[in-house]
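Undergrad: Read off the chains here:
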Amino acid sequence: MKVATKKELFDCFSGMKVFAPVGKNLRFAEVSSADEIASPESIPLSPKEAFIPQDETLFFYDNPDDPTSIVEPEIDEKPFVVWGMHPCDAKAMELIGKVYSEGNYTDGYFVRRYNASVKVVIGCPVPHPGCFCGSFEGMGPFSKSGSDIFLIPLDDERFLVEGTTEKGENLITSLPDATDEDVAKGEAQKKKGEDAIDRSVPTENIENSMQALFDSEEFWGDIYHRCMGCGMCTYVCPSCYCFDIQDERIGDKYRRYRVWDSCQFGLFTLEASGHNPRPTQKERIRQRMMHKLSFFKLRYGDEHLCVGCGRCVAICPVGIDIRDVAKRAEALAK
Amino acid sequence: MIEKIREIAKNWLAEGKVDVVIGFGEGTTPFSAKPIFITKPDDVEKLIWNPLCRLNLAGYVRREILAGRKVGVVAKGCDSRSIGLLLAEKQFDRKDVSIIGVPCQGMVDRKTLMKKFGNVNGEKVSADWNSISVGDKSISTEEVLSNACRICRYPTPVHYDELVGEKIEGVSIEEHDKPAVEMLEKNREDRWKFYTEHFGRCIRCYACRQACPTCYCDECFVDSNDPKWLEKGQHPTDLMLWNLGRIYHQVGRCVECGSCESVCPMDIPFTEILAGMSKRVRELYDYESGIAVDEPPPLQTFKTDDPQEFIM
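Chains as they are written, first to last, in this note's numbering: chain A, 170 to 503; chain B, 2 to 313.
Excised from the complex, chain B in its bound form (with noise of 0.2 Å):
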């Protein structure tokens, strides 16, 4: 499969189809795969596909076509569907971007594939879709895989060019509900018990905003300081507010892709609060964010039919 998205991508690089192809390569320390940024034919090579290939590349592709580069990008499922909402939100042309889609197996949550392992240090490691090893020791692929990719309803990306191997069939929309479910099911109480706890460990690095390809604003309501919609140390209620505003701030527009809990230092389980909103705005208005390219987020437009029995 890899040779497959080399070969697309040295092909549109020397075509000149695109200036920069964004996918993934080897990192340098055990499990780990970094975003690379490919402009030469020749270093197509670079490029590499296993299930470490965790975070959703659709901000570098907004970013980079900001910056008038035609981009082309090596998507899974959540990718495509973070560029399909970016499209929808008119933050680029379609014709900007070359899709190289890539069906999805799910990808690992290398915070829990550390915890597993312990200290790895000179061991010989390797991750491919059926299982990883460190030494002689190895555990399956699907036992560490992130709570997101879990309950992934579009493994195949939406939007492509090239769709490199098999279409994989995402989870049914109960399998998908199921973390939502539970989470709405919990009482006002214990919901809040999960929220402060949690949201109470944060550390407010902001990776997570920094990690979603939704998260474009200029400049982002917590970094505001006329008005100051907050403060900016670690009291509950600024850690809450920042948290939720977050998350409000992505309603009809997450596309579930789990960066934002990928990457969070401080294990905030973000994947049972995005879907619990996912399920509620597909409920409400029928939509699922990143299919349609011509279909803004519910919240930024209005219809006439909308339900209504939310507002008192």
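So that you can see chain A by itself, here it is in the shape it has in the complex (with noise of 0.2 Å):
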């Protein structure tokens, strides 16, 4: 176990590019030096953007009839550091990687960028008010699941800063060891924050109990007649994985790209025929808490695609609440 200041930890990445939340963008970006990390939760998006970004290159080409004219854009592999992850959105990365890497295709630009990036998570000693980690299996503010440096902080200044894989280990050799005191306090810490989190949302039988209601309107009309249809929940979401592609032409070349995309739009599901299955806001909020909270656990095993980071919950205009979704339908369903 080390200890290490904000601006001590980031010499340990010397020459390695550095991803963390900046204030003056409200994102996740590229910094140069550690005054320029803001604290994550100052923010509105996950650190989803460095390993999917919103805009993003699949290839070139400059004949739309000669596929031999595509050329890829170059991959940078070296390791680069995501700085300012939390449990949960280490459990989202893990998570899209089972849909993007399980089965028979792999997203090489997600699994690429995924391998190459050291993840520098931050413990939470202080959940925030949409926070409910602690609900899922296994889960919590101080899980160091998919994390490869893992920090606690111990006050306004300093971390707690452990190697939780090899990767992480040997970049941090430089720094000092913890006392026994520091380790105390991060244990303190830690403490602090496991019995604030909200372990109140019922998660363990919800992927069925959300089947049951999947036609209820009782159930889904507390909330679809109040959703705006806007893509805020799904682009905050560090879990939230769709993308859209499309082509446009610079000059005499094209680009084909995909940007993030969300189930809550009306273009998302419409057909070319001019049918949309999903035709009202009704069908497009249901479709994304079923994802949340059923599909996804019934789909690959044993997680649910919500990882409980509340960034949802705080932001959504008109108050939809994902946890106040959990809690009425295990309530109906008995």
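A couple of the hints might just be wrong.
Said to hold, decoys possible - Stretch by stretch, here's where chain B covers chain A in the computed footprint (C-beta under 8 Å, at least three residues):
hint: 1; stretch: 202 to 216
hint: 2; stretch: 263 to 270
hint: 3; stretch: 292 to 302
hint: 4; stretch: 390 to 397
hint: 5; stretch: 409 to 418
hint: 6; stretch: 482 to 493
Treat the hints as calculated values from the structure; they're not laboratory data. Even for Gly, the Cβ is constructed at its ideal location relative to N, Cα and C.
The task is to assemble the complex, starting from two chains supplied on their own in separate frames and drawing on the hints.
TA: Here's what the structure looks like:
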């Protein structure tokens, strides 16, 4: 176990690109000094974009009729640092990894970034109002799963630093060892977060309870009437991974790119025939809730796609609260 | 005041005058109020009225009316103006909507509030028209008012069936125009910098459009793929085109409720831009949107004496 200030830790990553929360951008971006790094809570977006950029070039081509004219963009495979993830975010990247790398198809863009990344995860002594990661089995504000380096804030200045993978450990060898006092303080911080986190959201059998309510007007009516249909919840979500593919012309070249897409948009499921299987906000918000708390677990086995980060809860302008959805589902299913 | 609102809502629902009353209820996170749809007279107790009732409800009014329901709504000055604008654009008939007008003392900007108080978890919070407090920390409500509310010309509803509470005077034209003048006095380069910087943060979640009662097109220009007016990515040109394009479509229509600014997760300051637009429309056409229900917005009609000096 090591100990470091923000600056000292940052110096461990010299020569590497570092992505971190940037206050003025309100999102994760590349930083060149420790001073630029804001707290992850001060920005609405998650670190997802370090792994899946909102706008990502898949390839360029000169001639739409000639597949040999395709030029793939250079992808930097050098290790880079994502600083300021929380345990929920690290879990979310593992879950997206399941979708993007299991089965017959592998998303090379995501996988290369994920493998090259050094994930610096900060534990949460003071959970935020919408947070409920502790409600999911095996998760919590100090879960180290998915991290390479794990930080526990000791005070405003210093972190307890632990390398949780060999990759992470090798980067922090120059830092001083933590004193017994620091370790004890870290334990106290951990206890504080573990005690405070919301564990009241029922998640154990929620996938089945939600299935049973799929057609319930009583259940969905409470939220879909007020859902405005913006895509904010899906964009701030660390585990929403849907994208749209587009082509654009740039001078005499073409670019095929993908951008974040959202199941909350009417265009998301609009078919070429004009038919839309999810014609209203009722089907759209239901899709998001079902995907987060039911479909994913039924499809992939043991975990929900929701990681309880609380970002959508805190930001939704019309107060749609996934914790509340789960609680109501469980109550109605009984 | 809330008792009176509940009483009217209850009566309207019980008499069958309306099928649904749209208003605000308690949210589940600190400092939040959420739009609620009341259909049973006994549920009117869920209605609340406080400085967190920020959102413009007129978009819901249109949606519910088009779904065939008779709608009642708790309306601030801006909600009522939006309803007026929708009436001027013949979206529905005045008889389809019953309005409980509530003069508004100005709504709070939740994002500013969250920044002031930081992480609120577990402490007791309260918000009324005088002060907002978390635990023993307290600030005046005035301090965290939304930008749009600071320059509101019509805090008292313009259209209503019942008015609850005393009328409140809006700010003068000079006061309203202050941020607009500041914006218009910027030179071209500075204004461009302002646009580039702020629109450059846009993540295209389209919350501004969805929160706007005036943005009701079946197909938004940004969603059209044939023709494809703009790209879907994060190129600054496309971000600029999307934001300015949406704003252009608001000329003479925007009622400056500030909903777009209040919901924007990326803190894009729309108020200054929209206030400038309203100022120009008022000066050119002597028109303020959402006031006269029988007069279409100036760009939707033609008069032989329309000013033309801005056309080359």
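Undergrad: Does each hint fit the structure? Answer for all of them.
TA: Now the hints, each set against the structure:
no., hint, in the structure
1, 202 to 216, "holds (count 3)"
2, 263 to 270, "violated (count 0)"
3, 292 to 302, "holds (count 5)"
4, 390 to 397, "holds (count 3)"
5, 409 to 418, "holds (count 3)"
6, 482 to 493, "holds (count 10)"
Of the numbered hints stated above, the single one contradicted by the structure is hint 2.
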